[in-house]
Structures are given as C-alpha cells and as structure tokens.
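These protein sequence lines map, in sequence, to chains A and B.
Numbering-wise (the numbering used here), the first sequence opens with residue 1 and increments by one.
Numbering-wise (the numbering used here), the second sequence opens with residue 349 and increments by one.
In short, the hints are calculated from the structure, not lab data.
Hints may contain errors.
[Unchecked claim] Covered stretches of chain A (in silico footprint by chain B; criterion: 3 or more residues with CB under 8 Å from a CB of chain B, positions within the stretch not fixed): (1) 309-318; (2) 329-342.
[What the hints assert, rightly or not] Quick list of simulated restraints, FRET-style, between CB atoms: (3) B:404 <-> A:54: 51 to 57 Å; (4) A:7 <-> B:545: 50 to 56 Å; (5) B:545 <-> A:305: 47 to 53 Å; (6) B:507 <-> A:103: 53 to 59 Å; (7) B:358 <-> A:7: 57 to 63 Å; (8) A:337 <-> B:396: 16 to 22 Å; (9) B:453 <-> A:267: 42 to 48 Å.
Even glycine gets a Cβ: it sits at the ideal position worked out from N, Cα and C.
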Amino acid sequence: MSFKRLETDDFVIANDSITSTLWSDDVPSLTTFYSNSIQEASSAGTYYLSVYNTSSTDQQIQFDIAYCDKLGSGSALYNNAVPENSPTKTLYGQYRTLILEDENLDFIFGSAAASGIDACGNTITSSTAITSDNFWIINIERARYKQSIFPGSLNLSLSGSNGIISITDNSNDIVTIPYIGSTRAYQLVSGSNGSGIIANGGYTADSGSYGILFPDLGTILLNPLAISESIHLAPSRTNDSNGFNNRALFNSLNLGASFGLNSQETITSDYVFVRARNSEFNYSENPSFISGSTGEVIYSNFINAPQTYITTVGMYNDMNELVAVAKMSRPLLKDFTKEALVRVKLDF
Amino acid sequence: MGYLNNQVITVDAILTKKGRELLAKNDGSFRITQFALADDEIDYTLYNPTHPSGSSFYGEAIDNMPLLEAFPIESQIMKYKLATLPRGTAKMPVLDLGYAAITLQQGASISITPQTLNYLGNSQTYETSGYSLTISDIRLLNTFNGLGINSTAATSANAEASNAVTTTLGTDVANTVIGTQFNLRGTTINTLFAPSNTSINGTLTFIGLDSGARLTIPITINYTT
Chain A
1 MSFKRLETDD FVIANDSITS TLWSDDVPSL TTFYSNSIQE ASSAGTYYLS VYNTSSTDQQ
61 IQFDIAYCDK LGSGSALYNN AVPENSPTKT LYGQYRTLIL EDENLDFIFG SAAASGIDAC
121 GNTITSSTAI TSDNFWIINI ERARYKQSIF PGSLNLSLSG SNGIISITDN SNDIVTIPYI
181 GSTRAYQLVS GSNGSGIIAN GGYTADSGSY GILFPDLGTI LLNPLAISES IHLAPSRTND
241 SNGFNNRALF NSLNLGASFG LNSQETITSD YVFVRARNSE FNYSENPSFI SGSTGEVIYS
301 NFINAPQTYI TTVGMYNDMN ELVAVAKMSR PLLKDFTKEA LVRVKLDF
Chain B
349 MGYLNNQVIT VDAILTKKGR ELLAKNDGSF RITQFALADD EIDYTLYNPT HPSGSSFYGE
409 AIDNMPLLEA FPIESQIMKY KLATLPRGTA KMPVLDLGYA AITLQQGASI SITPQTLNYL
469 GNSQTYETSG YSLTISDIRL LNTFNGLGIN STAATSANAE ASNAVTTTLG TDVANTVIGT
529 QFNLRGTTIN TLFAPSNTSI NGTLTFIGLD SGARLTIPIT INYTT
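Chain B on its own, in the form it takes in the complex (with noise of 0.2 Å):
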C-alpha cells in the first residue's frame, strides 16, 4: 500500500502593473473575483501522438520544460488562456474581423464588428459579454470606443480611452476598449510623423470575453499632405 500524494501545488503571485496601480488608487477596485488560466509558452505542435513510447509519452517534450517568470505587463502575459468547452468539440473558437490588417488616412475612420467562429454550437456569432480591444499605441488614434456593451467594465474601459485619446498625447501607451462594435478614427496631429515619417505603426489585439478567443492585427495611419 502506498501513500496518496496530497502534494498542493502552491505558487507565487505578482501584481501587474494594472494591479499596482489599482491596489494604489484604494479604492475597491483591487478586488480578485475570478480567475482564468493560461498556456502560454507551449507549443502543442511537439505534443507527438505518434510516439513510439506509447501514450505516456506523447507530452515528453513538454512535460518538463521550464517557464519563465511571469511578465507584470498584462498584453504579454495570459495571452492564449484555457477555455471550457463540451467534451467532442472538434473546432475551436476563433475570431473573424474581416480585416487581416487594418490601413487609415489621417482622420480617416473604420467600425470594426468582431464575430466569432464555432461557438456555442453556431458556426458564426457575437459573444455574449463582447470583445476586448487593446491598441498597443494610443497615440496612432484620435478616436477609440467601443459599443453595444453595457457592462460597468465596458463603460469604465471606455471612459478611460475616451479620456487617454485626449490626455496620453505624448506618451506611447497602450489601451483597452469593450463592446462589440469599435470605431476607430486616425490621428490628425502631424508631428508624430515627424521629421519624415509617411506612416505610423501599432498593432490590434482583440480578445472575446466568453471564447477567451485572439487575434491580433497591425494597424497603420499613413500621413496625409
């Protein structure tokens, strides 16, 4: 008879910069509810269901590798989080933009209407809770909102961006909008192109809140004489 292994695995923690800044402002909002998990750093591609071994050995190759410390920036960190979804399920869900890459004169605009693939059962749908949207580069964006979600976090994340379009003018970073519709409008001011830049570059990374789904495009506003 052996001994049951009763081994909890515990972890250590570190605050993002989001929850430095918010267990900063002491105001409730650094409040743990819920928690998601996430692959990041594996390649299923080494996974070898062919092994020769038999199946204990097909996650040989990843088994035992190890990880990096964690990022405390949140876009590069939980980048490809675990989904629960039915047992049997043959696709997984992925994001349809109907953009691979997204161009914009200055002062140009472009709604964008995210849609996801295989979920719930339907082939093409608009999840429940919306869609995230980071911009890597604020400052690419004279406006940025998301609609159509009514949510306290939706409301909240696009007050703050409404405000960062206006008051991050000078500083190169990211931000995040809710819904499920985005507009985006480029910048009109000329001097961050200067001296002889045609053109400025950041990416879009849009996440459904309910798939956990990604994709992530580039965004380019071409300067206009």
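With the rest of the complex left out, here is chain A (with noise of 0.2 Å):
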C-alpha cells in the first residue's frame, strides 16, 4: 500500500504574524525619492504624485502624495461655472468618507475627543486637538505594505525652511488601540519608533498632532497647519489654481531623506504531521531498487532488512489526485526501526 489516510489531530492551523521592510530592495528607510514627469504630467497628476525608489528603468511606486482640501483650493476647478469642485475637493471627500464615514464630520488631529485627557495623558485642549479642512495623504503602494502597515515602525523626516521635524506614530505610548471610523488611528507625534518626544507626548503647542497613521489603509494623514508651525512648510491655498501642493511635500520628504515603515501580514499556515510508523514506507518502487523485470528486490538483504529514503511527501485528497507536495531537504533513512515525524507547512 502507497498511500496512508490522514487523522483528524495530524492538522493543525497556525496564524503567525509576520512584519518586515516595507520599500522595495527591502531597505529599512527611503532615503532618496523620485517622481516621473510623465505621471506628473498626466491627469492623475492633477490628483496625486506617485513616488519611485529609483530613476532607473525597473523603478517602482512606492507611495502617492496627495492634497485634500474641504474648500477644493490649492488645485484648478474642473469647471469655472462650479466654484470649489476641484481635484483637492473631490479627495477630501474621498477620504472623508473613507475614512469618518460620516460626510458631517470633520477632520480632527490630536484626539478625537473634544474635551478630558487623551491617550498620551495629556490634557485636550482647543491646541492639542484642532480641526482641520485639509492635509496631506502619504498613500503606501499596496504591494508594498502586503496586509497593514506595522505600528511603531514610522520613522519620517520633513524639511522646511526651519529646519527638519522627525515624526513617528504614538502607538508605543497607547495601551488601548484608537479608532476613528471604524479603522485603527494612530496620531503623529514628533519623535522615533512609536513614541513620541516625553515633554508634551510630542504634539504641536498650538496645532495638534502631526497627523493620523491609519494602517489598515496603508494611508498617512498629514497635518498642514502643525507641519507649517513646526518647519514652517505649508501648502498653497489659493482658489481656482493650482498650488503644487503635492510637488511641495515631495521636496521636504527628499530634503528631510528618511522615510522609514514596515508592513504586517499574517500569514494562515496548515500544519500536517505526517507519520510514518516503523513497519511502513520500507520498501520502494524505484526502478534501482529492483533487479530486472520479474521484481526481485536489488540486494538480498534488503528482503528483511530493506533501507529506503525519503524525500518527496505528497499530499493527496479522497480522489488521489496530488494537490500538494514537499521535499526533505535531504534523504531521510526509514526502515523497520525507524519511525518518521514530518511536519509539513502549507501557506495560504
């Protein structure tokens, strides 16, 4: 008999998750940013900036930039005829209903409580959580952060004219997850790793936080008016034109030269222990293991003392067709006083 039925217990499922470098070339931080005139140029250019990690010909996307802004200012209208309907406009109300799911609520940074004390300890205050009708959006390319973006990892660096603020997400100073909407929300924090700076839990004195990590998204909202408070880098507002908004954030991420993420996927493994008592698997239909056609086994001794080895496990189901298969790294000796333990991973 070739084939051995399965019992209930020899299956185990496993979820492990599993976290690693986000950019392409698996580099732990971008440090130098590319755009492509051609994409800039077209009409999703009107809308976003997509960023490459190199020049080169196999360059790839790695996030988008985008601007929204409630009033539709900082881009051109559509139509003329129709004040505020403009690129800016339309993916403010994109994200917004995303994100609040709510088309009557506003974008709040710093907490989404209106009054008490937020997750950092910090009192809320009108300047510790303020409203905003616009910002910023960091899109994560979604090869690039597989499942979700790993919380803590967010390590990014902006240039202004005053200088260079690193920001990071403040899920290492939070012991309960925050949600806005129905999504995880982490607020960004002047500081490194998931925690922000100890002063003021790494807010703005007047402005808020830096922004929202949302990584189920794969999305980073940046906060304007924080930013221009901090390093004194703010987007164009003007009605009816086109403000380079994205262009600009593109410039303080290349000159701030550091952008650091991981992603997180859990990946769902079947265990199957496959065993292989010692009065089994012990002899062969190998060609080599027989001598001539009439079968005869090819060394006497191997008539009670047969050796064969292992090295392909196949799995079959009730119609033995082969679905699955595994090899040993190296043959695994099995005769009548050896038994055999494989564990076999399949990954979904």
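Dock chain one against chain two, each of which comes alone in its own frame, and use the hints as you go.
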C-alpha cells in the first residue's frame, strides 16, 4: 500500500504575524525619492504624485502623495461655472467617506475627543486637538505594505525652511488601540519608533498632532497646520489655482531624506503531521530498488532489512489527486527500526 | 548523559498545478485526506552493502546528497512511491500489461487490462482499487476511458477524460482515467499529422493504486491515408 490516511489530529492551523521592511529591495528606510514627469503631467497628476525608489527603468512606485482640501483650494477648478469643485475637494470627500464614514464630520488632529485626557495622558485643549479642513495624504502602494502598516515603525523626516522634524506614530505610548470610524488610527507626533518625545507627548504647542496613521488603510494623513508651525512648510490654498502642494511635500521628503516604515501581515499556515510508523514505507517502487523485470529487490539484505530514503512527501485528496508536495532538504533514511515524523507546512 | 534529539523535521509544501486548480474551484475538492512518501532522485545502485567500512557506510553515497526543489507538475513528482509491505518481501509488485509499446492506426482501438505481479502473496492479481492511466497528450486519442472501478474518483476522472477528448482537441495536455480495463482509440483528426508527419507519439503511464507500482510505455498513432 502506498497511501496512508491522515487523522483529524494530524492537522493544525496556525496564524503567524510577519513583519518586514516595506520598501522595494528591502531597504528599511527610503533616503532618496524620485518622481516621474510623465505621471506628474498626466491627468492623474492633477490628483496625486507617485513617488519611486529609483530613476532607472525598473523603478517601482513606493507611495503616492496627494493634497486634500475641503474648500477645493490648491488646484484648478474642473469648471469655472461651479466654484470650489476641484481635485483637492474630490479627494477630501473621498477620504472623509472612507475614514470618517459621515459627510458631516471633520478631521480632528490630536484627539477624536473634544476634551478630557488624551491617550498620552495630556489634557486635551483646543490647542492639542484641532479641526482641520485640509491635509496631505501619503498613500502607500498596496504591494508594499501587504496587509497593513506595522504600527511603531514609522520614522518620517520632513524638511522646511525652519529645519527638519522627525515624526512617528504614538502606538507605543498608548495602551488601548484608538479608532476613527471603524479603522485603527494613531496620532503622528514628534519622536521616533512609535514614541513621542516625553515633554508633551510629541504634540505641537498650538496645532494638534502632526497627522494620523491608518495602518489598515496604508494611509498617512499629515496636518499642514502642525507642520507649518514646526518647519514652516505650508500648502498653497489659493482658489482655482494649482498650488503644486504635492510637489511641495515631495521636496520636503527629499530634503528630509529618511522615511522608514514596516509592513505587517498574518500568514495562515496549515501544518500537517505526516507519521510513518516503523513497519510502513520500507519498500520502494523505485526502478533502481528492483533487479530485472520480475520485481526482485536489488540486494538480498533488502529482503529482511530493507532501507529506503524519503525525499518527497505527497499530499492527496480522496480522489488520489496530488494537491501539494514537499521535498526534504536531504534524504531521510527509513527502515523497520525507524519511525519518521515530518511536519509539512502549507501557506495560504 | 546526553540530550535526546527531539527535532521534528519541518518541510514547506507547494501546491501542485492540480492543487491550485482545485483550490480555485472552491468546491471542497481541495481537501487533503491522505499522504504518500516517495524516493524520487534516489539511485539504489549507489547503496553499497559490501562497503569495507561496515554497515554504517552502506548508504554513504546517498545519505547527504542534495535534493532538488519540488516540481508543481504532478506527473513529474512522486514518481516512485514507498510501499508498505510485509517484512521478508523478496519481490516488489510490478505491472504487467502484455505490451511493451502500443502502435495504433488512426481510428483503431485497443483494450488494455493491467495486472500486478508479486502483490499480496499472489503471483498475478488485479488490484482492488484499480489502476490509473495517464496519457501525456490527450489529442492522440478519440476514446480514452477506464472500466471496472465505481469509486467517486474513477467516475470523476473518466467523465473528465471523456470531456477532454472532445474539448481539448487543440491543446497538448495530459489526462488520467481510473479502472481495471482501459479502452483507447486512435485519433481520426488528420490535422494533428500536418504537414508531413506519418505518426504522432506520446506515453502511457500506468500506476497500481494499491501497490504504487508504475510502468510507462510509448504509444504511437500512425497516419492513415
């Protein structure tokens, strides 16, 4: 007999959380940023600016930058007859629907609560939680972040005329996971590796947090008011005029020269325990195991003490169809004095 | 006192082409229920029972050989299965077809009834679960079916093959049927021989579903003017 049925307890399902570097070529931090003039000049370029890891022909998109404005400022109108309707307003509505899930709500940087104590233990005042009607978006390419962004891994440097600010998420400062709408949301603060600077939790003095990280959406919102207060980088909010705000943030990133981020995904593995008892699988249908056409085993000592070498494990369904296969790294000796236990891992 | 080796060998499996197909169907057919072991790549002539250093060294040439990664095509892997047989077995099961090669004219038929020698104490027997027969290129045949086994697997495989001979006329794909008797009829489609081939070739692989014994023979279909 060649097939052996598996028992119920031979199967184990395990979920493993895997984190890894997010950018192409497994670099932990992007230090150089490239745009593509064709993309920037295209119709899509009026909405967002794609950022690449290299200028060579094998460049890959790492993330997109967009600017969103509730009033439609910072970009040309679709039609002069309809004031305020512009790409930046469209994008604002897009993210309001996606994140806030209510067209009557506004984005609040610092805390979703209006008053009280925030997750960092700071007293919320009008200066630590502000309502904003514009923001920058950094949208990570889906293939890069896989399932979600790993909280605590964000280290972003932005440069402006007043210097460089290092921004991280505050996931390591808090004990409960905060939500906005139905998605996880971590405030962006001044600090590193998921912790804000101790003095004030990393918030600005008067403009709330620097933004919000949405790990499950692969999205980072940046609060222009806080960034402007810190490094004097502010978007252009002229009506019916291209403010080149995507380019402004790109330049800031380029001069900051450091954008670290990790991905996180849960891999479900199916483990199958394959057990070969001492009396099983000791003979082989391998042609070199047989001498001649009559089927005699090749060596006389193989009659009572056969030795076989397991190289391959085949997993079959009830129809005897081979659905999965695993190879050993080297042959595993099997005879009547040995039992083999092989754990086969199937990833989905 | 030393530590006992409690290591469990862990290997990563890949899905075969058939496995991916069944997973995509999402109809429950991708359900692992049994396993088999094989010793593909092992050449037992390298085993040396007269090694001067003793029995620990008989398998010296095999023990540490590097192995290839798994192939996803079912027909290229799990070729030589390990079998569970009573200790003292002197002869391994082998298949007997009565043919070393098969040559058919276009439209001609043949019926093949495999037997297994040296199996379960019998010099010659039919295996209870039957045999699988895989043709390397289904286009060679107009009729390809197996009879004598009524299992779900056999019924499904035979129905699929019956469908394949009419729906995959232009595609070079393998196909498998299950039974104790197999009926084959050479293709009548002349275009397969174009422009000047007088014959087309393939292989037939028989596998005993109980014993794991395997035999591959060539098949040739001759063009009939």
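Quick rundown of the hints versus the structure:
no.	hint	verdict
1	309-318	holds (count 10)
2	329-342	holds (count 10)
3	B:404 <-> A:54: 51 to 57 Å	holds, 55 Å
4	A:7 <-> B:545: 50 to 56 Å	holds, 52 Å
5	B:545 <-> A:305: 47 to 53 Å	holds, 52 Å
6	B:507 <-> A:103: 53 to 59 Å	holds, 55 Å
7	B:358 <-> A:7: 57 to 63 Å	violated, 19 Å
8	A:337 <-> B:396: 16 to 22 Å	holds, 20 Å
9	B:453 <-> A:267: 42 to 48 Å	violated, 55 Å
Violated hints, in rising order: 7, 9; the structure is consistent with all others.
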